[in-house]
Amino acid sequence: MIFNAEFCIDCKMCEIACSFHHTGVFNPNLASIEILDNTRKDIKIKIYREKEKGKNNLNCDHCCGLDEEMCIKYCPMGEELKSIINLSRKLETC
Amino acid sequence: MTNIKKKKNVIKILHIDLGNGNIFLEKTDRYHEWLGGIGIGEWLIYKEVKTSVNAFDPENRIIFGTGPLNGTLSPTACRLYAVSKSPLNLMCSSSAGGFFAPELRFAGYDHIVIKGKSKKPVLILINDEDVKIINASDVWGKTTWETDNYLKNITKQPKLQVLSIGPAGEKLVRGACIMVNKNRALGRAGLGAIMGSKNLKAIAVRGTKSVNIANPKQFFSISDKIINKLKKSKAIKALGNYGTLSCVENKNLYGGWSYKNFQDLNIPFTMRKKFSSDVLKKNYEKKILSCFSCPIGCDRIYEINKGPYKGTEAEGTQFESLAAFGAKLGIDDFSFCVKADSLCNQLGIDVDFPAGIIAWLMESNEKGLIDKKDLDGIIPSWGDQESALKFINKIAHREGIGDVLANGALYAANLLNKKSKYYVMNIKGKELYEPLRYAVGYTLGACVSPRGGTHTMGSPFCESNANIDFKKAKEKYKIETFNKPLEWKDKEKLVAYYEKLHRIDSCLGLCHYVTDWLDISLPGFKDLTDLCNSVIGEEYTEEEIMRISLRIINIEKAFNLLHANLSKKDDFPPERDMKEAVPTGPAKGFKLKKEKFNNLLEKYYTLHEWDKATGFPTRKCLEKLNLTDVANDLKKAGKLIEK
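Chains as they are written, first to last, in the numbering used here: chain S, 1 to 94; chain A, 1001 to 1643.
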């Protein structure tokens, strides 16, 4: 699922935090969230969910076992990212 | 002090010889006493580049380095370092943010050491283990932005991270820089010309591996604490709101501008109104951006919507461009600063280099010391945007008089009119960005910096920081004058603190903004030591970390004595700053009297256990730091004090 993310400042803290949740190491290539920033003016966020078969089969599990999703916790614009993550959950359920 | 115990942190160095095409990977734990980043880079330059080697000789090296925190979630762990013997024969390290450094670590490397000279222009492509040297004939002569796009197109890898030189680097312009991700510069040291001398146009990297940390629990505990401190900091909030233009109000308050080639350190009311950070944000800011793993967001895209530069868009225009192309040239138009900054980024030339040269030309013209016939018919006068843009292009392409100017303002003044040398505002031959007569500690930091005039290798910021927490600052600095910019007492102690702290964040891969430089409550040595230990699984003490920083500072000192034959006179401010009092504003009437500055310099040398009469290190100081070989090198050159 791809979302417009005007608020995103492209720091990629969500990607590296997410990879740590899934693998215990830092590697943006092993995350279930991806910042699409080919032009840094028009940033989009891709969330890999179960239906979509993410990279290396790493799909968003809402950081099962943690109080808060790692991507939201470390995003400097956490509230805005939270809306996207919650929307992605809703869309999948639908 | 005890010697640091042997540590186990293994680093990976990619060695590339462009002369014969040899590439090999070295895995080593030999550099535990240099930590990482500039520590390892500068030691390798000291060890491997002999004094007989000139900057543009194939035997010179250029080293790109990361620190152990790059690639982790540690806030601001984005900085890339490049180190080389510079065109002025100085030990020059330069740092840039962006995304290259973490990508290099994701590809499995900590440093790249490049030596030799390719027969033809080349590019280096790194894709994890796959390292190739390929022909650069399609992009030789092109701008840094075109080169970045070209590499992404031919590799079909949009996530490729690129550093490149533009026409200025290819033509060995002394102030050529290396651009990282198009808009971040490894600047102020002429390192672009070193790449050009090796016929190396660009390096591109893509990495898919992982960066591990030794002790995650400890890492997240410290890292989270730092992130919370950043969130609470007023200075960081302002940086997030306005980018580096946030310092405009402080510059007004203390008088820290470089108006008309530093004639005044205060700017006229009309310029002040146009350069207000709120006005600039409202009229030009298009998007807020950040570097890798940085929650601050001080990067910006600025867009020009009207006037002659309509349609110009630039990422990364900093306060430095406002000061250099605005105040210094008497141009009260930010859209020109964005245009000039964008042009410099594309041509691969350091902002301060042409700005310093043009400011000297404008003042020499004002004083009747230069003839337009010598300048290809261009009359450089204050506020003239068109002639400034012409000179930037001429310098970067070495076209016409640009061929002379490309060797720097001092060189050009010697050729064109020696009387104009007084107006070449420089330290150690390098064009100056820093206004000096408004803060004594800041001045000392800029004057003793190894690469020649810079505020990022020891200059404190607390002297001109209106929002400083007085109690905390007094506890940390242990002096009374930390917030009194025009007082002389104890300023050497502030410089000694920040030159050490900034060497350490530069070893680790962090940005200065995460340290207590702008806000006293942010990390100092303790937090940086703990963070480092949690990532590499070592047990450095704060004392050991400080000792590493002193080793680095002494290596820089020794290199510059041996290679550039520097002496005490090279650590003084430009003549104007010592002779002329500031005409208006908060620092009105202040000048850096030579005798007073000499006293301060001697105190600074004494703090380092260097000889106060010459600035040469003592054997005792170097042996304490386990640098006996360096002491012996200096002894042979007659630049060691045997005590």
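These are calculated hints, taken from the structure and not from any lab test.
A portion of the hints provided could be inaccurate.
Claimed, not checked - Here are the simulated EDC-like cross-link-like pairs (lysine to aspartate or glutamate), alpha carbons at most 16 Å apart as the crow flies:
#1 A:K1286 - S:E79
#2 S:K41 - A:E1303
#3 A:K1493 - A:E1609
Values in this document were obtained by computation on a predicted structure and should not be read as measured data.
Determine which of the earlier numbered hints do not hold for this structure and return their numbers in increasing order. Failing hint: just 1.
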